[in-house]
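Asker: Please model the entire structure based on the sequences and the hints provided.
Single-letter residue listing:
2 protein chains.
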Amino acid sequence: LQQISNIAIVGSGNAAYHFAAAFQQLHDVTVTVYARSEEKRIALANATNATTGLLHNLSSAQHDAVLLAVTDQSIQTVSELAPKNTLVLHCSGATALSVIKQEHAGVLYPLQTMTKSKAVDFSAVPILIESNSEQHKPRLEHLAKRISEKVLWMTSEKRLKVHLAAVFACNFSNFMMASAQRFLAKEQIPFELLHTLIAETSTKAMAIGPEAAQTGPALRGDKNVLSLHETMLEEDPELLHIYQIISNLIQSQHGIV
Amino acid sequence: LQQISNIAIVGSGNAAYHFAAAFQQLHDVTVTVYARSEEKRIALANATNATTGLLHNLSSAQHDAVLLAVTDQSIQTVSELAPKNTLVLHCSGATALSVIKQEHAGVLYPLQTMTKSKAVDFSAVPILIESNSEQHKPRLEHLAKRISEKVLWMTSEKRLKVHLAAVFACNFSNFMMASAQRFLAKEQIPFELLHTLIAETSTKAMAIGPEAAQTGPALRGDKNVLSLHETMLEEDPELLHIYQIISNLIQSQHGIV
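Quick mapping for you: the protein sequence lines, in order, are chains A and B.
Position in the first sequence (from 1) plus 191 gives the number in my numbering.
Position in the second sequence (from 1) plus 191 gives the number in my numbering.
Worth flagging that the hints you see were computed from the coordinates, not collected in a lab.
Treat the hints loosely; a few may be bogus.
The list makes no distinction among identical chains, and a pair is therefore deemed to hold if it is satisfied within one copy or across any two copies.
Straight-line Cα separation of at most 16 Å, EDC-like style, residue types lysine to aspartate or glutamate; simulated pairs [said to hold, decoys possible]:
1) K328 with D312
2) K307 with E426
3) K377 with E426
4) K309 with E425
5) K307 with E325
6) K292 with D413
7) K341 with E383
8) K352 with D427
Answerer: Structure (structure tokens):
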């Protein structure tokens with residue numbers, strides 16, 4: 192197996208940043224970062240010690256693989272800039288493999304939330320992979336397994352479902368924590384007071400499953416507390432609306448009326 | 192200081208269970224469990240090695256403190272069963288201290304989510320305390336500090352705000368994880384696939400704050416992915432409704448239109 196040792200990453204966002212950092216840790220892999228914004232491209236290259244290239248040179252550059260870490264809408268257009276006969280990968284949960292029109296296409300989707308200011312330990316991150324190229328499948332799997340201990344082959348259709356579930360489990364649960372943060376800030380109470388609770392919430396959801404882990408006034412059918420909370424939220428109609436909708440759903444799903 | 196070494200706990204729910212277990216770990220403290228349901232009272236006493244008493248005997252029993260771990264609505268009624276001149280405590284976030292009509296009243300509120308099947312490490316749990324009794328304040332603080340390293344004096348008014356924030360950060364974020372679990376179950380995809388993501392979501396929210404930690408298609412303003420997800424949720428109107436509301440709120444709060 193001829194391993195992938197020369198990777199182009201196109202993009203300058205969170206995924207580009209964290210993939211560049213992860214591949215750079217493999218000392219026999221070279222990473223070249225391409226991006227439209229010169230400023231972001233150079234910042235990313237500096238932060239990860241990657242080399243950098245100009246996007247209009249990509250089509251004639253020599254790389255074992257080109258990883259498109261761009262917005263979902265740009266994947267198809269940008270994929271056409273990649274050299275022919277090169278393995279072209281995207282890293283999106285919500286985009287089908289077939290969006291890449293090159294002959295050798297693949298997906299390397301890390302099931303993780305990434306923000307530049309927070310380091311990612313890729314070794315524990317499930318990486319969902321897919322490819323249309325029998326020739327490149329073993330190379331893609333090998334590359335993924337060099338950065339993660341949890342590599343799974345998965346179809347585009349199934350990956351999209353996992354991605355949607357991830358939006359609820361991560362983006363939406365984070366939004367609820369952000370709502371708590373916003374409420375406490377108005378009351379000048381430090382958010383850190385909730386840290387132990389937040390840590391236990393995810394630990395318990397993993398230990399016994401979130402459905403069994405559900406607690407709170409809605410689940411207890413505690414009408415007094417529910418209406419007290421609603422009164423407290425009267426000055427914030429958005430939070431009040433969320434409060435009522437989610438409380439009602441918790442009650443209807445657990446058969447509490 | 193004469194420490195509290197003989198505690199009555201009234202109730203048989205999650206809080207009663209975990210407080211009984213925590214106090215039983217202090218080998219110089221005796222715990223007696225009182226509850227209406229004989230079955231639950233005995234089950235709780237057996238699980239925690241506490242002794243047990245009949246509720247109608249509580250008023251004449253000798254205890255240093257009586258902890259009411261009952262529903263918020265029952266606190267006032269049950270407090271009247273406690274012996275006069277005894278320190279009577281409740282452990283509710285959402286109920287004012289003044290609901291207890293005894294002369295010596297207090298609050299011992301653990302800011303944590305508790306389910307019987309999951310052990311609680313009290314040492315890291317913030318315990319918010321309050322009392323109307325100058326005589327008993329040092330004893331209450333001493334008791335709380337024996338089980339937790341994070342004991343804070345807090346008024347009823349402020350505690351209620353913390354409790355409401357906790358509903359968002361814990362109960363509602365857990366509900367979002369449960370929604371992901373429900374969706375994946377229908378698709379026969381194991382929920383465990385999301386474990387690393389769930390752990391990182393809370394870790395990142397604590398490290399950089401949930402507002403800065405927000406990611407996802409709504410934040411990116413990715414209309415294609417949003418409408419794709421909505422199509423996938425057409426058969427589950429409840430999840431679709433949550434998806435749209437939360438996505439819209441993420442966008443409006445982050446100034447994305």
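Asker: Tell me, please, which holds for K341 and E383 at an alpha-carbon limit of 16 Å: within, between, both or neither?
Answerer: between (32 Å within a copy, 12 Å between copies)
Asker: Classify it for me, K377 with E426: is the Cα-Cα distance of at most 16 Å met within a copy, between copies, both or neither?
Answerer: within (11 Å within a copy, 39 Å between copies)
Asker: At most 16 Å between C-alpha atoms: does K309 with E425 qualify within a copy, between copies, both, or neither?
Answerer: neither (35 Å within a copy, 35 Å between copies)
Asker: How would you classify K352 and D427 at a CA-CA limit of 16 Å: within, between, both, or neither?
Answerer: between (33 Å within a copy, 14 Å between copies)
Asker: Within, between, both or neither: how does the pair K328, D312 come out at a Cα-Cα threshold of 16 Å?
Answerer: Cα proximity of K328 and D312: none, with 24 Å in one copy and 46 Å across.
Asker: Within, between, both or neither: how does the pair K307, E325 come out at a Cα-Cα threshold of 16 Å?
Answerer: Result: close neither inside a copy nor across copies, 34 Å intra and 51 Å inter.
Asker: Regarding K307 and E426, is the shortest C-alpha distance of 16 Å or less found within a copy, between copies, in both, or in neither?
Answerer: neither (34 Å within a copy, 36 Å between copies)
Asker: Can you tell me if K292 and D413 fall within 16 Å by alpha carbon in one copy, between copies, both or neither?
Answerer: Cα proximity of K292 and D413: none, with 56 Å in one copy and 21 Å across.
Hint compliance for this structure: hints 1, 2, 4, 5, 6 are not met, and every other hint is.
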